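Number of protein chains: 2
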Amino acid sequence: MPKLNIVKIGGAVIENEAKLLPFLEEFAALKGPKILVHGGGKKATLWAEKMGIPVQLKDGRRITDAATLELISGIYAGQLNKTIVAHLQVFGCNGLGLSGADGNAIEAKKRPVKAIDYGFVGDVTKVNSSLFVQLLDQGIVPVCCALTHDGKGQLLNTNADTIAAEIGKALAKDHTTKINYCFELPGVMKDINRADSLIEKINTESYQDLLLNNTISAGMLPKLHNAFDALHAGVAEVAIGSTKMMNENVPYTSITLK
Amino acid sequence: MPKLNIVKIGGAVIENEAKLLPFLEEFAALKGPKILVHGGGKKATLWAEKMGIPVQLKDGRRITDAATLELISGIYAGQLNKTIVAHLQVFGCNGLGLSGADGNAIEAKKRPVKAIDYGFVGDVTKVNSSLFVQLLDQGIVPVCCALTHDGKGQLLNTNADTIAAEIGKALAKDHTTKINYCFELPGVMKDINRADSLIEKINTESYQDLLLNNTISAGMLPKLHNAFDALHAGVAEVAIGSTKMMNENVPYTSITLK
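Listed in order, the protein sequences are those of chains A and B.
Just so we're aligned, residue 1 is where the first sequence starts under the working numbering, counting upward by one.
Just so we're aligned, residue 1 is where the second sequence starts under the working numbering, counting upward by one.
Same shape as in the complex, but just chain A (with noise of 0.2 Å):
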């Protein structure tokens, strides 16, 4: 099976012109088929600020309202994803900017009102992996911003980190498929008050101790949750860690089931 690799980027790397044209280069001189996706940073705060669409926050979580995923529309999918497509053309890598929507790459379902009603947040449901298939195989470089679509018209708001491993799930069957995800630390830490602690190796098994030992920060739980779940789907494996570790021999985090 041929290998794939997905880059998932995020909000410091991204809101960072000195960070982000570093890291696309790299990205650019990583070898073979690739997809990349990306969050949204600070960008979207900013120009609501300056709008003046109020921030709607509900335990700490913005809501996405409608004045809210037009400008997230906006500046995910349009100023941000072409930004890096356009740098990315520069450094020889063909990248091809996709939401949810465009050729129907990601379908999702907009989650439902229970005890906080999120607005317009949707659940990734299909991903269309002809269509991710076909512009690998022309050569081309997806890169995927955090905006899905219900196939009924709406666009919806979806987390980069969901996106890149639905993405990954829907591509295990015919690749070897690797997600990355780059962010600021070197990889998931036993403590993050050391720079020295990093765990180099999760499987089933450690992770298990990982969780009884309640040593995780509680904003990494989610990923190595969905880490697993990407796993068990099929994905060969998950990559925490810094952009450094995608072309340098730097340690980073990896997780696999076995």
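If you are wondering where the hints come from, they were derived from the structure by calculation, not from laboratory data.
Remember, predicted model here, so these are calculated numbers, not experimental data.
Be a bit skeptical, because a hint or two may be false.
Note that the list lumps identical chains together, so a pair holds whenever it fits in one copy or between two copies.
In silico DSBU-like pairs for lysine-lysine, Cα to Cα no more than 35 Å straight-line [what the hints assert, rightly or not]:
1) K201 with K50
2) K152 with K19
3) K58 with K31
4) K244 with K152
5) K58 with K109
6) K50 with K190
7) K152 with K110
Using the hints provided, position chain B relative to the given structure of chain A.
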């Protein structure tokens, strides 16, 4: 040679959902390979006002400074383009949005500064025909916004009419190409104050007569000039008329060389 329809739709339809949705339904029903090109309407100006971005005008034309470019990247390539694609998907049309950067679809050069510095405005230098052909062969309908790139990481603002014409010229070698400019009138009017003065056919000879008679409105002159430029480059027909001309047997202005 296979037929190809390129349809360009302007601001007046785009910015009004009551007009946009019926148009997209018509476009979705248009048979055969097709490409949609869209402008931006007034939203960019509205968002600029809300965000306190000053409008710079020179000779009545807006200068595309960096802040304006960022805004239009967001609105044209993001919010509008993805809304259009999401709605096309509902109507069974497999739209996929593209700026010029995506897949290196359309390269442009920043307009050189002469009497006026228009800012980040691009003149098209190259259309990636093979990308368009590959997408069309996959049953995908490219949906192009009015944004190009210079191949060096710079996004550029380019006129949507021009984009439609340049794509037409590039694909005319291998397709019997018709460019359809849809707007609010029945077509080119001999007298814009007379609803019954539609000119149904214009060719090289009659175009000269129209120019000599000084009967065409100032706004229509550049459109006719561009139309003949496209025809001379191999485009088979340029149609100017209402959106109804796509699927209904209504009069419109058909422009051909002979």
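Okay, the hints, checked on the actual structure:
| no. | hint | result |
| --- | --- | --- |
| 1 | K201 with K50 | neither (44 Å within a copy, 50 Å between copies) |
| 2 | K152 with K19 | between (37 Å within a copy, 18 Å between copies) |
| 3 | K58 with K31 | neither (42 Å within a copy, 47 Å between copies) |
| 4 | K244 with K152 | between (40 Å within a copy, 24 Å between copies) |
| 5 | K58 with K109 | within (20 Å within a copy, 47 Å between copies) |
| 6 | K50 with K190 | neither (40 Å within a copy, 46 Å between copies) |
| 7 | K152 with K110 | within (11 Å within a copy, 38 Å between copies) |
Violated hints for the displayed structure, listed by number in ascending order: 1, 3 and 6.
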